[in-house]
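Student: Next come the chains, spelled out residue by residue.
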Amino acid sequence: MTMTEIASFILLLTGAVFFFAGTVGLLRFPDVYTRLHALAKADNLGLGFIVLGLLLQTSSPATALKLILIWLLALAASATVGFLIARRARQNGIVPWQSGDRP
Amino acid sequence: MTISLAGVRATLWRSALFAGLWWALTNGRADSWGVGGVSILAAAILSLRLLPPVPTTISRIGLLRFLGFFFIQSLRGGAQVAWFALRPRMGLRPGIQEIPLRLPEGIGRVLLTNTQSLLPGTLSVELRGNRLCLHVLDIEAPTEAGVRHAETRVAHMLGLQLEQP
Chain A
1 MTMTEIASFI
11 LLLTGAVFFF
21 AGTVGLLRFP
31 DVYTRLHALA
41 KADNLGLGFI
51 VLGLLLQTSS
61 PATALKLILI
71 WLLALAASAT
81 VGFLIARRAR
91 QNGIVPWQSG
101 DRP
Chain B
1 MTISLAGVRA
11 TLWRSALFAG
21 LWWALTNGRA
31 DSWGVGGVSI
41 LAAAILSLRL
51 LPPVPTTISR
61 IGLLRFLGFF
71 FIQSLRGGAQ
81 VAWFALRPRM
91 GLRPGIQEIP
101 LRLPEGIGRV
111 LLTNTQSLLP
121 GTLSVELRGN
131 RLCLHVLDIE
141 APTEAGVRHA
151 ETRVAHMLGL
161 QLEQP
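Going down the list, the protein sequences come from chains A and B.
Counting from 1, one number per residue, gives the positions in the first sequence under the working numbering.
Counting from 1, one number per residue, gives the positions in the second sequence under the working numbering.
Keep in mind the hints are simulated off the structure, nothing from the lab.
Note that the structure is a prediction, hence the values are computed from the model and not measured.
Think of the CB as a built atom: it goes at the ideal place given N, C-alpha and C, for glycine as much as any other residue.
Any given hint might turn out to be false.
[Claimed, not checked] Some chain B residues close to chain A (C-beta under 10 angstroms, calculated; not the full set):
hint : residue
1    : S4
2    : L5
3    : V8
4    : S15
5    : F18
6    : L21
7    : A24
8    : L25
9    : N27
10   : A30
11   : T113
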C-alpha cells in the first residue's frame, strides 16, 4: 500500500466511526431535539472524512469537485432540515427532555 | 429591472459558477454544452430572481477566518456528540436557551442560524426577529459566548455591523 492509500483508508475509517456514533446517538438519545444534534453534527463530520478519503483516491478534478459539492449540499441540507424539524416539534408543543426525566 | 454594475457583476459571477458546476457534473464533455448553456442561463436567471444581487462585500480574510472557525468548531461539535452517544452514561443536560442576536436582519442571521446547528452543543430551533432560540446539549455550557464568537466571525466575513441586542 502506498502512503496515499493508507491515509485514505484512515480517513474512510474515521468517517465510518462518526456515522456509527451518529446512528448510536439517534437510537440512544431521549428526544427529537437531542437526536437531531446527533444526526446533524456526527453525520456531517462522518461525510466530511469520507469525502476527504475519497478525494485522495481520485485523479479527476471533475470527480473531486463533485465529491466536495456532495458534502456542501449535505451540510446545507442537514442544517436546514434539522432546523425545520426542531421548529415544527416546538410549535407542536413537544417539550424537550430534561435530565431527571425517564429516557 | 434597471441594469446596474452590481447586477452585471452578479450575473457574470453566477453564470461562471453555474458553468463550473455543469463542467463538474458532466465531467467536461464537449458535446453537452448545448443543453448546458441553456441550463446555465436558466439557473442564472432563476438565481437572480430568488436572490437579487445586493451590494455586499465579502472580505477574503473574513471568509478564511470564518471557514477556519467553522471547520474546527464542527470537528469539536461532531466529536462531542459522538462522545455523548458512545459513552455508557450519556450525561446529557439539555435545555432551551434564547439569545438576542447582534447581527442585523438578513443573510447574516440566516447563515448564523444554519451554522449554529453544526457547532458544538447547539441546535437552532427558532429565529423570531432578532431572538435565536437554541436547543443545547448541556445547559451549563457557555452557549452565549459561543454564539457571540460565531456572530463576530459572520459579521467580519460579510462586512456587517453588530448592533446592541
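Student: Take the hints in turn and mark each one as holding or not.
Tutor: Hints and how they fare:
{"no.": "1", "hint": "S4", "in the structure": "28 angstroms, violated"}
{"no.": "2", "hint": "L5", "in the structure": "29 angstroms, violated"}
{"no.": "3", "hint": "V8", "in the structure": "26 angstroms, violated"}
{"no.": "4", "hint": "S15", "in the structure": "17 angstroms, violated"}
{"no.": "5", "hint": "F18", "in the structure": "12 angstroms, violated"}
{"no.": "6", "hint": "L21", "in the structure": "7 angstroms, holds"}
{"no.": "7", "hint": "A24", "in the structure": "4 angstroms, holds"}
{"no.": "8", "hint": "L25", "in the structure": "7 angstroms, holds"}
{"no.": "9", "hint": "N27", "in the structure": "4 angstroms, holds"}
{"no.": "10", "hint": "A30", "in the structure": "13 angstroms, violated"}
{"no.": "11", "hint": "T113", "in the structure": "6 angstroms, holds"}
The structure is inconsistent with the numbered hints 1, 2, 3, 4, 5 and 10, although it conforms to all the rest.
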